[in-house]
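Asker: Under the working numbering, the first residue of the sequence shown is numbered 1, with each subsequent residue one higher.
Treat the hints with care, since some could be wrong.
To be verified - The list that follows gives simulated cross-link-like pairs (lysine to aspartate or glutamate, EDC-like), each with its CA atoms no further than 20 Å apart:
#, residue 1, residue 2
1, LYS68, ASP102
2, LYS56, GLU89
3, LYS63, GLU89
4, LYS58, GLU80
5, LYS103, ASP73
6, LYS68, ASP98
7, LYS83, ASP73
8, LYS103, ASP93
9, LYS83, ASP53
10, LYS63, ASP102
11, LYS63, ASP18
12, LYS103, ASP53
13, LYS83, ASP93
14, LYS63, ASP93
15, LYS58, ASP73
16, LYS63, GLU97
17, LYS68, ASP93
18, LYS56, GLU80
19, LYS58, GLU89
20, LYS63, ASP51
As the list claims (entries may be wrong) - Distance ranges between label pairs, derived from CB positions:
#, residue 1, residue 2, range
21, SER45, TYR71, 14 to 24 Å
22, SER45, ASN78, 44 to 54 Å
23, VAL94, ARG24, 50 to 60 Å
24, LYS83, ARG24, 43 to 53 Å
25, ASP7, ALA74, 24 to 34 Å
Hints are computed from structural coordinates only; laboratory data are not their basis.
For each residue, glycine too, the CB sits at the ideal point set by N, CA and C.
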Amino acid sequence: MYSRIQDLANAVVRRQLDRRNFLRRAGQLGIGASAATYFLNRAQSTALAADFDWQKHKGTTVKLLLNKHPYADAMIANLETFKSMTGMEVTYDVFPEDVYFDKVTAA
1 MYSRIQDLAN
11 AVVRRQLDRR
21 NFLRRAGQLG
31 IGASAATYFL
41 NRAQSTALAA
51 DFDWQKHKGT
61 TVKLLLNKHP
71 YADAMIANLE
81 TFKSMTGMEV
91 TYDVFPEDVY
101 FDKVTAA
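Produce the entire structure from the sequences given, and follow the hints as far as they go.
Answerer: In structure tokens:
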């Protein structure tokens with residue numbers, strides 16, 4: 001079922017299907033207007049992301065100053081994905097919060 005809705009949303013992005021027909025067909029599949037709008041929005045976001053040049057800054061290095069926090073741990077866990085998508089190198093330092101603000105101010 002999900003793939004059929006995704007196909008409909010992609011047809012809208014490719015301008016093969018207008019919004020009215022998309023909503024009608026999604027309704028035939030038993031999808032409410034809010035869910036149909038969600039999938040339409042997602043397809044449009046995907047189309048916008050397709051034009052983004054992930055390799056534009058390949059070979060450059062980004063230095064991150066992070067404070068010790070769960071969001072920083074989550075970011076560090078995904079750095080390899082970021083590196084493979086962008087071709088950028090990432091270095092980082094993690095500081096306790098009281099030291100972090102001194103480092104950021106000095107940088």
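Asker: It remains to establish, for every hint, whether it holds in the given structure.
Answerer: Results of checking the hints against the structure:
no., hint, result
1, LYS68 - ASP102, "holds, 14 Å"
2, LYS56 - GLU89, "holds, 13 Å"
3, LYS63 - GLU89, "holds, 9 Å"
4, LYS58 - GLU80, "holds, 14 Å"
5, LYS103 - ASP73, "holds, 19 Å"
6, LYS68 - ASP98, "holds, 10 Å"
7, LYS83 - ASP73, "holds, 16 Å"
8, LYS103 - ASP93, "holds, 10 Å"
9, LYS83 - ASP53, "holds, 14 Å"
10, LYS63 - ASP102, "holds, 16 Å"
11, LYS63 - ASP18, "violated, 45 Å"
12, LYS103 - ASP53, "violated, 32 Å"
13, LYS83 - ASP93, "holds, 17 Å"
14, LYS63 - ASP93, "holds, 8 Å"
15, LYS58 - ASP73, "violated, 24 Å"
16, LYS63 - GLU97, "holds, 18 Å"
17, LYS68 - ASP93, "holds, 10 Å"
18, LYS56 - GLU80, "holds, 17 Å"
19, LYS58 - GLU89, "holds, 8 Å"
20, LYS63 - ASP51, "violated, 26 Å"
21, SER45 - TYR71: 14 to 24 Å, "holds, 22 Å"
22, SER45 - ASN78: 44 to 54 Å, "violated, 19 Å"
23, VAL94 - ARG24: 50 to 60 Å, "holds, 52 Å"
24, LYS83 - ARG24: 43 to 53 Å, "holds, 44 Å"
25, ASP7 - ALA74: 24 to 34 Å, "holds, 32 Å"
The earlier numbered hints that this structure contradicts are 11, 12, 15, 20 and 22.
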